[in-house]
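There are 2 protein chains.
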Amino acid sequence: MLGKLIGVGVGPGDPGLVTLKAYEAIRTADVICAPKARPEKTSMALEAVKPLLKRMEGFPEVLELVFPMVKDKLMLERAWRKNAETIIAELKKGKTVVFITLGDPMFYSTFIYVYRSIVEAYPELNVEVVPGVTSMTACAAASKMPIAEADDAVAVLPASLDSAKVYEIARHVDTLIFIKGVKNLSVLTETLLKGGFTADSPIVMVKKHGGLAEEIKAGTLKDLRSWRVEDYFSTIIVKKRAKNAE
Amino acid sequence: MLGKLIGVGVGPGDPGLVTLKAYEAIRTADVICAPKARPEKTSMALEAVKPLLKRMEGFPEVLELVFPMVKDKLMLERAWRKNAETIIAELKKGKTVVFITLGDPMFYSTFIYVYRSIVEAYPELNVEVVPGVTSMTACAAASKMPIAEADDAVAVLPASLDSAKVYEIARHVDTLIFIKGVKNLSVLTETLLKGGFTADSPIVMVKKHGGLAEEIKAGTLKDLRSWRVEDYFSTIIVKKRAKNAE
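Residue numbers (numbering that gives the first Met the number 0), protein chains in the order written: chain A, 0 to 245; chain B, 0 to 245.
FYI, nobody ran anything at the bench for these hints, they're computed from the structure.
Every residue gets a Cβ at the ideal spot worked out from N, C-alpha and C, and that includes glycine.
The reader is advised that the hints may include incorrect statements.
Residues on chain A that point at chain B, a partial pick, calculated with CB under 10 Å [said to hold, decoys possible]:
hint, residue
1, E148
2, K164
3, V181
4, L184
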């Protein structure tokens, strides 16, 4: 009899932004699986819940699993398969395995690959997903920049998206959010200006929200070129028009 | 001396999806303000936290504020001003006012208007925003449909957005999320097919997630025409390609 797999979003890194349901899943887990990018690093999802684990009696077993951040498809697939096998071995013991991820498990998360690999092999597996607070709304809260209101259209784009696509999407939405780092700020500024944003479009950039190195910059699009925060955990929110100016 | 205003996202409706920080803000509030659409209705944000309030000693004072769901700008502004005045009166007594909203306070929420009106009058006010789980990630979790992975681009569109815009955005993104109800499913299907989605594009529709009337439909884009859930609290997630088919 297989155990149960629970994908749990632990939010953007602040232990206070863990939900009651996520807390309860972690507290009652047999095994917690925590993804990390390199063997020698600590898991950021695990860091986010460590202060909560300390409060608990009867600490669950913790398995840190390495998911390398590489583009090589073969390397990635080998890592997913290996980690899926580790999890399956625990599920086969009848254990409840909680896989924690930063943010939300269904929004650009490692859990998606794990879930897909495991469910392909065991379609009957009991799986639950506990949603979490995403970094984008946490950044909006930290900077007090509303993401959207009324009939606004929003797009969420990875920093790696090519300029031609960014331009086409920019033309038709009210808010753009860039996640997973921000690069080539001059090129990005030009693309947004061509796509209907203006020098006065309000913009914020938040670095490593939830962690200790938090940094918030707020201004208008004309400032973006001079900003120097280029980091994988940076998020940008930019709005076509300042609403209170209407 | 003015008190403090805290905008708190309580998540999609399930009390378990309230964060620890939101719970603590509610527990220690002097006054909780809860928005609702009509005087005779109950506040959905309040419903989401009622099971938690029952556990608390020394219940905070609850003020339900009416924010009519109308398009008339004058009516809306009158309601925002009146509610802002009610909140300011509490802040002037030095109280900590927690304004609760479903989902996240910076993502299509009533809190944005309240915040803007109050801060315009009192720029020195101490304001904190506690992000929450949005309905879109909660719907993804309930339906186990991943929203995005790797370099996917995502757009979040209100159901009221015109077809020409939906078409243009559809052409350039991998995932579309329709919030605030879904209407004219035949027209929407046509628009998506023209915009690069296919009959086999995976799609889910979730109705009133978190509440009791939850209903989940899953299929492919060709099914959408025949679905009959047209409700303000419906969410659709549609993906251009099924990833496991790659």
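Outcome of the hint check:
no., hint, in the structure
1, E148, "holds, 5 Å"
2, K164, "holds, 5 Å"
3, V181, "violated, 14 Å"
4, L184, "violated, 19 Å"
The earlier numbered hints that this structure contradicts are 3, 4.
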